[in-house]
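Q: Counting from 21, one number per residue, gives the positions in the sequence shown under my numbering.
Hints in this document: simulated from the structure, not taken from any laboratory. Treat each hint with caution, since some may be false.
[Said to hold, decoys possible] List of simulated lysine to any residue pairs, SDA-like, C-alpha gap at most 25 Å:
{"no.": "1", "residue 1": "K372", "residue 2": "E338"}
{"no.": "2", "residue 1": "K550", "residue 2": "P516"}
{"no.": "3", "residue 1": "K378", "residue 2": "V426"}
[Stated by the list, open to error] Simulated DEER-style distance windows between Cβ atoms:
{"no.": "4", "residue 1": "Y601", "residue 2": "G164", "range": "50 to 58 Å"}
{"no.": "5", "residue 1": "K159", "residue 2": "P79", "range": "32 to 40 Å"}
{"no.": "6", "residue 1": "D492", "residue 2": "Y601", "range": "53 to 61 Å"}
{"no.": "7", "residue 1": "V594", "residue 2": "P557", "range": "13 to 21 Å"}
{"no.": "8", "residue 1": "H349", "residue 2": "F226", "range": "34 to 42 Å"}
{"no.": "9", "residue 1": "Y354", "residue 2": "A305", "range": "49 to 57 Å"}
Quick caveat: nothing in here was measured; it's all calculated off a predicted structure. In this text, a Cβ means the ideal position worked out from N, Cα and C, and glycines have one as well.
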Amino acid sequence: MAFPLREGVFLKRYFHSFALFSAVALLCLIPARVVAQEGQPTSLVIEGGTLIDGKGGPPVRDALIVIRGNRIETVSRKGQANYPAGARVVRADGKFIIPGLIDSHVHYREYMGEMFLAYGVTAVYDLGNPFHWQTAVRKGLNEGKIRGPRFYFCGRVTLLRDGEEASSGGPTIRSRDVAFMRGPEDARQAVAILQEKADCVKLNEFMQGDLFVPIAREARAAGMGVISHSLDTMDSVHWGISGIEHMTGIAISTIHTQEGRAALQAMDISAGHKNSFLYQWMEPAYFDELIQSLVQRNVFINPTLHFEWKALTERAREHELEDARLLNHPDLQYVPLSERLVFLGQYHWADKRTPAEKEQFRQGYRKVQEFLRRFVQAGGKIYSGTDTAAALTPGLSLHHEMELLVDAGLTPMQSIQSSTLWAAEIMGLQDKLGAIEPDKFADLVILRDNPLEDIRNTKSVDQVIRGGEIMDTSFHSDYRFPFHLYGPESKHLYNPLPVLADIHPPLSPQGSEVKLRVLGSGFVPSSVVKLGELTVPTRWVSATELEAVLAMSHTTRVGTFLITVESPLPGGGVTEPLEFYITYP
Numbered sequence: 021m022a023f024p025l026r027e028g029v030f031l032k033r034y035f036h037s038f039a040l041f042s043a044v045a046l047l048c049l050i051p052a053r054v055v056a057q058e059g060q061p062t063s064l065v066i067e068g069g070t071l072i073d074g075k076g077g078p079p080v081r082d083a084l085i086v087i088r089g090n091r092i093e094t095v096s097r098k099g100q101a102n103y104p105a106g107a108r109v110v111r112a113d114g115k116f117i118i119p120g121l122i123d124s125h126v127h128y129r130e131y132m133g134e135m136f137l138a139y140g141v142t143a144v145y146d147l148g149n150p151f152h153w154q155t156a157v158r159k160g161l162n163e164g165k166i167r168g169p170r171f172y173f174c175g176r177v178t179l180l181r182d183g184e185e186a187s188s189g190g191p192t193i194r195s196r197d198v199a200f201m202r203g204p205e206d207a208r209q210a211v212a213i214l215q216e217k218a219d220c221v222k223l224n225e226f227m228q229g230d231l232f233v234p235i236a237r238e239a240r241a242a243g244m245g246v247i248s249h250s251l252d253t254m255d256s257v258h259w260g261i262s263g264i265e266h267m268t269g270i271a272i273s274t275i276h277t278q279e280g281r282a283a284l285q286a287m288d289i290s291a292g293h294k295n296s297f298l299y300q301w302m303e304p305a306y307f308d309e310l311i312q313s314l315v316q317r318n319v320f321i322n323p324t325l326h327f328e329w330k331a332l333t334e335r336a337r338e339h340e341l342e343d344a345r346l347l348n349h350p351d352l353q354y355v356p357l358s359e360r361l362v363f364l365g366q367y368h369w370a371d372k373r374t375p376a377e378k379e380q381f382r383q384g385y386r387k388v389q390e391f392l393r394r395f396v397q398a399g400g401k402i403y404s405g406t407d408t409a410a411a412l413t414p415g416l417s418l419h420h421e422m423e424l425l426v427d428a429g430l431t432p433m434q435s436i437q438s439s440t441l442w443a444a445e446i447m448g449l450q451d452k453l454g455a456i457e458p459d460k461f462a463d464l465v466i467l468r469d470n471p472l473e474d475i476r477n478t479k480s481v482d483q484v485i486r487g488g489e490i491m492d493t494s495f496h497s498d499y500r501f502p503f504h505l506y507g508p509e510s511k512h513l514y515n516p517l518p519v520l521a522d523i524h525p526p527l528s529p530q531g532s533e534v535k536l537r538v539l540g541s542g543f544v545p546s547s548v549v550k551l552g553e554l555t556v557p558t559r560w561v562s563a564t565e566l567e568a569v570l571a572m573s574h575t576t577r578v579g580t581f582l583i584t585v586e587s588p589l590p591g592g593g594v595t596e597p598l599e600f601y602i603t604y605p
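Please work from the sequences and hints to get the whole structure.
A: What follows is the structure, encoded as structure tokens:
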């Protein structure tokens with residue numbers, strides 16, 4: 021029965037007061053000897069259920085997990101361990117217990133916290149945000165001041181060019197950059213700075229071996245992993261990489277035919293993993309050689325399957341429907357519209373492709389699946405990451421990624437490990453996260469259904485425990501996050517972020533008509549030039565040039581005016597302005 025608002029509020033307050041009174045009354049009846057002593061950490065016991073501890077062994081029925089404070093104290097079976105005095109008991113009979121999930125590749129945004137927790141994601145690795153913002157967010161999330169997952173992040177090394185100074189606030193160095201290098205000799209100092217401030221090192225695919233090698237060497241010596249995109253995985257392996265982001269470099273390393281190399285040279289490799297025509301040229305005959313190198317050097321892979329192929333997998337329509345249901349939840353309307361457009365729109369990026377092109381994409385996808393199957397069978401490890409905020413729904417997308425890994429040939433157990441133990445290992449956090457065993461953080465998920473029978477059952481989340489605390493996994497329309505990110509954000513799978521560099525001519529006489537050359541980058545045919553708030557007639561010339569016409573009606577007033585370029589959502593955004601002067605005639 022639906023109550024009117026006031027009656028509903030009244031009943032909610034009534035039952036809250038009644039529950040509070042009952043709890044106090046019952047507490048008075050509990051013998052003093054079973055109440056936890058003041059100052060002692062609170063205890064939680066999970067009793068019953070089938071334990072899938074993340075280490076790959078057989079499930080344990082009738083499990084008993086004792087949690088004291090934020091750590092796991094004991095893992096055994098019912099009847100084999102004593103309960104701490106005053107412990108809260110969670111009965112999990114008929115259910116399944118897995119470690120808290122880890123999304124190893126996110127670009128964290130302020131709306132994500134509840135979405136991660138609702139789907140059992142208790143830790144994330146942020147791979148690209150302003151450094152000091154990451155520092156503030158990590159403290160807030162990891163100390164429980166903000167509701168959301170644990171937060172770890174990778175720092176980057178900035179390469180200084182001639183004339184640049186390594187001081188924040190200077191004209192060429194952004195304050196987010198804290199570790200700098202001019203040459204290989206600076207690697208030790210740069211890594212030492214990151215070791216103190218970050219959780220791992222992230223490089224990019226364009227860093228050459230003369231710099232990559234010393235950074236990787238120093239990072240490994242400091243116990244830090246080095247993860248990076250790659251333009252040739254065989255090179256990256258020899259340079260000392262720890263984790264490969266996306267499948268681009270793997271594909272390039274396995275293309276050897278003359279036809280394939282010619283096609284590769286014709287591609288815009290600066291687009292990296294975004295070029296889905298790349299994978300059809302992979303040659304399975306070269307897979308084993310690369311896999312052997314990866315496994316021997318303990319290099320992990322984050323394939324981001326859902327990120328790149330979500331529109332063309334056999335599960336695409338099922339996943340799209342799940343995303344749409346979630347994003348239409350009435351209490352999740354704080355998720356920005358631009359994000360919703362990207363999350364759902366990416367399911368249709370191939371709609372205008374020809375049947376032949378779609379088949380080429382699918383051929384490439386099948387080759388990627390075969391590579392991953394062989395890699396894991398040979399002892400390789402995958403760490404699941406989604407690239408969330410680029411095109412995927414936080415939380416739910418990690419489950420979709422695990423499903424696609426099973427489709428590729430991993431077992432459900434291996435798929436779960438990709439989001440638990442193996443994900444912890446790539447960041448060197450296996451002593452804290454990734455498995456249900458004594459002394460680790462008490463991060464775990466209770467599921468209603470068996471994920472080993474059907475990997476889709478990882479979504480049947482019953483309860484989420486983070487640091488020994490049973491989390492509220494509902495959504496709240498008033499959810500707030502204190503650390504806002506300002507400025508435009510690129511959605512590289514859609515319209516790029518436009519950049520305005522120059523305008524010719526920079527001034528025009530009052531009352532005249534003038535044709536402007538607008539120069540910059542990231543322009544698309546739907547980009548428009550704006551004079552203040554007014555959109556003026558615009559013609560797309562190229563990705564670096566637009567033509568705009570100011571009519572006499574635009575130049576009636578003398579003064580300084582601001583010109584910007586705007587590209588529509590998804591992606592896109594508005595450039596920083598440049599001054600334009602209308603002078604006396």
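Q: If a hint holds in the structure, say so; if it does not, say that too.
A: Status of each hint after checking the structure:
no., hint, result
1, K372 x E338, "20 Å, holds"
2, K550 x P516, "18 Å, holds"
3, K378 x V426, "22 Å, holds"
4, Y601 x G164: 50 to 58 Å, "54 Å, holds"
5, K159 x P79: 32 to 40 Å, "37 Å, holds"
6, D492 x Y601: 53 to 61 Å, "56 Å, holds"
7, V594 x P557: 13 to 21 Å, "18 Å, holds"
8, H349 x F226: 34 to 42 Å, "40 Å, holds"
9, Y354 x A305: 49 to 57 Å, "51 Å, holds"
Going down the numbered hints, you'll see the structure goes against none, and every one checks out.
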